[in-house]
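Listed below, chain by chain, are the residues.
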Amino acid sequence: MSRFIVIRLLQAIPVLFVVITVTFFLVRQAPGGPFDADKPVIPAVKRALEAKYNLDQPLWQQYTSYLGDLLQGDMGPSFKYPGWAVQDLIASGFPVTAELGLYALLIALFIGVLAGVIAALKPNTLQDYLPMSAAMIGICMPTFLLGPLLVLIFGIWLDWVPVSGWGDLPGDKILPSITLGAAYAAYIARLSRSGMLEVMSQDYIRTARAKGLPESVVVAKHALRGALIPVVAFLGPAFAGLLSGSFVVETIFQIPGLGRFYVQAAFNRDYTMILGTTIFLSTLIVLFNLLSDLLANWMNPRLRQKIGGKA
Amino acid sequence: MGGETNVESGNRLKILHYGNYGEPQGLDPHVVTGVPEHHIVSALFEGLVQKNPYTLEVEPAAAKSWDVSADGRVYTFKLREDARWSNGDPVTAEDFAWSWWRALQPALGSQYVFMYFPIKNAERFFNGEIEDFDKVGIKALDQHTLRVELNNPTPYFLQLLDHYSLFPVHPPTIKKYGEPHESYTRWTRPENIVSNGPFVLEEWRLFKYLSVRKNELYWDAARVRLNGIRFYPIDKQTTEERMFRAGQLHSTEDIPIDRIPWYRANRPDLIKIAPYVGSYLYRVNTRREALADVRVRQALAMSIDRETLINTVLNGIFTPAYAVVPDGLLGYQPPKLFDYNPDKARQLLAQAGYPNGEGFPGFELQYNSHEQHRKIAIAVQQMWNKNLNISVQLQNKDWKVYLDDETTGNYDVSRGGWIGDYVDPNTFLDMWTSESGVNRTGFANARYDDLVLQQAPRAASHEQRLELFREAETILMENMPILPIYTYSSKHLVHPSVQGMPSNYMDYKNYRYVDLQAAQDEN
Amino acid sequence: MNEPALMAEQGTSLWTDAWLRLRNNRLAVASLIVLLLLVFVCLITPWIAPYGYEEQNLELGATPPSAEHWLGTDVYGRDMLTRVLYGGRVSLMVGFIATSVALLIGVLWGAVAGYVGGRTDAWMMRLVDILYALPFIIFIILLMVVFGRSILLLFLAIGAVEWLTMARIVRGQVLGIRRQEYIEAAVAMGLPTWTILRRHVIPNTLGPVIVYATLTIPQVMLLEAFLSFLGLGIQPPQSSWGLLISYGAETMEEFPWLLVFPGLALAITLFALNFLGDGLRDALDPKASKD
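Protein sequences, first through last, are from chains A, B and C.
Add 134 to the 1-based position in the first sequence for this note's numbering, that's all there is to it.
Add 59 to the 1-based position in the second sequence for this note's numbering, that's all there is to it.
Add 120 to the 1-based position in the third sequence for this note's numbering, that's all there is to it.
Derived by calculation from the structure, the hints in this document are not laboratory data.
Be aware that one or more of the hints could be misleading.
[As the list claims (entries may be wrong)] Now the in silico label distances, taken between C-beta atoms and shown as ranges:
(1) B/R264 x A/D293: 21 to 27 angstroms
(2) B/L72 x A/L201: 29 to 35 angstroms
(3) B/P320 x A/T198: 55 to 61 angstroms
(4) A/I139 x C/M309: 34 to 40 angstroms
(5) A/I290 x B/E522: 52 to 58 angstroms
(6) B/E116 x A/L201: 55 to 61 angstroms
(7) C/G268 x B/L396: 52 to 58 angstroms
(8) A/T198 x B/A333: 50 to 56 angstroms
(9) C/T136 x A/L201: 58 to 64 angstroms
(10) B/G81 x C/A242: 42 to 48 angstroms
(11) C/V161 x B/E262: 55 to 61 angstroms
(12) A/D172 x B/R517: 28 to 34 angstroms
(13) A/I139 x C/T136: 53 to 59 angstroms
The C-beta atom is built at its ideal place from N, Cα and C for all residues, glycine as well.
Chain A with its partners taken away, still in its complex shape:
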């Protein structure tokens, strides 16, 4: 098992290297540079700016010096916000986005698994259709619609919670977390419903039932773990997706998170910021994919036996 982890971690090195290299050269091919503006920059000023940020050097030289700095933990200054180093900006945005993503995921898991399990117990009846339909609202209503709608209802009309902010006013974390979580609840509901259906027809569940265990125990103790394997496989990419995909929610609710940095960096052609956020996120993606593979292994009784048998 530990050998498996070590191999996967070693594999992460070339993955990150390729991501950095491809991104580095990719972003410079995109039309428009970081200093292009409506009012064109005076040539002398542009030359000075390019010299300051080493943009006047040959590309490969910029690349090697970037790699050198990166190894020392320096991602350079942001081109859009030059007073700040990229690693400082990431450090300020990540905790916010991670917290938002975590709450959203918890909400999504709670709603999703609950709806999925209830639905799977009596498939193709009203007990199936109602919770599944409710869970699907999150997909029918994309974040750019659900967010403003929730704000309108609960922030403006009912005046229960603040309309924006993060940690400034009491209750301002509720709406963003729900908005972001809703989209994922539907996925989790569907995945856990189908996982549950699959598991419930398996022999070990029949055995458990035959032993006369109450249905709630069968579900909670025996079925759930197997049923959630596809959910867990989904969680890895989902959490990474939450981090980079929180952009819309962060914009709607004025949240100073990483998602906004990541998307705006691309629009601003903020080369160092694009690279920094990409490296950071790809590290997370690799880690979370690994984590979710490990969890899925551990939860799958069939696979576990094989791995356990070998060990």
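Given the structure of chain A, go ahead and fit chains B and C onto it with the hints provided.
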């Protein structure tokens, strides 16, 4: 919600909560360029002069008085003895001279450096043609006297002094955190910054807010009513409007256009809409074969029904424009050579060889992805189709791609806009000269260049200067490399408790005048 | 060898059984009918739409539903019914084609990686990791610069991102299936890998794949709206459900009908797809057939 809103607590504590569009790129007056930065920097720093927000007349600030020589070329400023930096140092004429010397360092990368170019030899010093700063027309005669010599009499020069690129910076602080020509050092961080304006930087929370508090050492502190301002960087207009409605903001940077009828009907007292010194227009690429014929361009201009466009889709908030300079700049009247006239437009198109649009190859209208540009383009596309029977493709592009295509001439017709840097026709006319970097249309006219660049700056009188500008603009509009559409308006939502923030032509705010008075209806 | 005949027979019976089971699921059948109806209406839109989709009436502006305009009009006075119908053409096409692209690549990639395993698996899945990580917006902008803007590129761009999760899901399923007795039997029989994949492995992943695909379709429809914002995809005056919803969301207080009707269209499609997807999943469940 039971709690106190920002507006309520702000009124009590005299803290203005201000919607400020975006996160400031920085706070160094010589380096920053954008509107959100402008709002913050003008709270922190002060130039030689300021403007009255009601009249836009220039008023004394760091300078208590000034003399202008008879030929209009030499300005002598008397600085106040009681002006202080926020650390207690006096603000001196040397500080100004040093600050301006710093702004003219090419390595600093000051993008508004052209604001200095009316000053004698400033451009040559910046370009490295002269090395000796003594030859530049900036001189501290003594601690409180600054003499500035210009190349030409420049009627708008005093206005420029209120632009943040000419604000002073505190030399010892700059030197402490880096070289003078180094941009974005740590000197603008809250713990380091020293400034001379009515407010000092208190807290800077990235992408959340930036707050300033009253500067007790400011020479005119007695007149400053606010105890502080909190600037919120808000990317999204609809979010800003809702924050305003929920009482989180005193004022907004903008109003979503579709929201305006609601406010007009229900709370007309909250909206502040006023003409703004900016032009919305379409650039035409005259190098394109189909658009090279001036009659085609005129036909395009005449078949846009500006009145209807503005009164319907845009809810009547802008002023139709038929020339590039906004109406009434310093008494300037732009020429009006055409009107909405679909019949005349069809005739012109027929004369150009496309009767009823037949055989016209069509073109692409590009705009940067933005709600308002899209709205206008959709209506204009349909007007051209209906009036001229020509097909136009719309293409939205992300901002940088759009800019790249426009500057490299890779477009047919492109949305454009221009906000005047100062109140003078020149800021709208010198951009269409043949060597200008913002022309981008292929329009080049020797007579036009001569009028704008040579004759107008040397004009004997204000009236004569305006006459020359008018002649130039007439040439521009006859050739029609641009299709003017409307004159901008500034639009804000402002809470009734906010006093002293009137609408004006420059959308200029002077926080020294602002006060918060809880209104009577607010129990 | 009589193996192909055997396989063919097995193949038919799988699908016939599935169809028989699906027919008994009334909700799924109803959903299928709704979907077919939607597709049909969108196909004949140019002949039945009451107005032109670009036809403006600026003086009229945005009006709520009325006898002349059943679903109201937008700020240009354009008929919303017409625009929702035309928008459906775009959205359904994008949804189905791009999802098919993603499905094709994702299922093949995931199945091969999961089944072959070992170093091949590692290489294939690390490539997926890399593609996950690249900055999507820059990638799209570059695609446009290199290939120009076209609807074909839109399908490709969407397919290119959506297949990644699909591949991961399929691979996870295949890892489980690979160790089942019937696969080991097939291997023992000496069947070629490709045949095993096609006949035994991929059909057994169909359940989760269908469920995920039905979730992908609406996602793709909304992604199209975002790509249109970047300049890829469709341009005004054309529209799609995703774009209508995103514009409608901006004016939900002023003109709620601009949001409600395209939203309903998307929701109906989504619900129908999901119920049909569930029905299909149940119908194709190999364990159900054993009972």
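Verification of the supplied hints:
1. B/R264 x A/D293: 21 to 27 angstroms: holds (25 angstroms)
2. B/L72 x A/L201: 29 to 35 angstroms: For B/L72 and A/L201 the Cβ distance comes to about 50 angstroms; the hint is violated.
3. B/P320 x A/T198: 55 to 61 angstroms: holds (58 angstroms)
4. A/I139 x C/M309: 34 to 40 angstroms: holds (36 angstroms)
5. A/I290 x B/E522: 52 to 58 angstroms: holds (54 angstroms)
6. B/E116 x A/L201: 55 to 61 angstroms: holds (57 angstroms)
7. C/G268 x B/L396: 52 to 58 angstroms: With Cβ atoms ~38 angstroms apart, the hint is violated.
8. A/T198 x B/A333: 50 to 56 angstroms: With Cβ atoms ~54 angstroms apart, the hint holds.
9. C/T136 x A/L201: 58 to 64 angstroms: Taking Cβ atoms as reference, C/T136 and A/L201 lie about 59 angstroms apart, which means the hint holds.
10. B/G81 x C/A242: 42 to 48 angstroms: Since the Cβ atoms of B/G81 and C/A242 sit about 44 angstroms apart, the hinted range of 42 to 48 angstroms holds.
11. C/V161 x B/E262: 55 to 61 angstroms: With Cβ atoms ~57 angstroms apart, the hint holds.
12. A/D172 x B/R517: 28 to 34 angstroms: This hint holds: roughly 30 angstroms between Cβ atoms.
13. A/I139 x C/T136: 53 to 59 angstroms: violated (46 angstroms)
When each numbered hint is compared with the structure, violations occur for hints 2, 7, 13.
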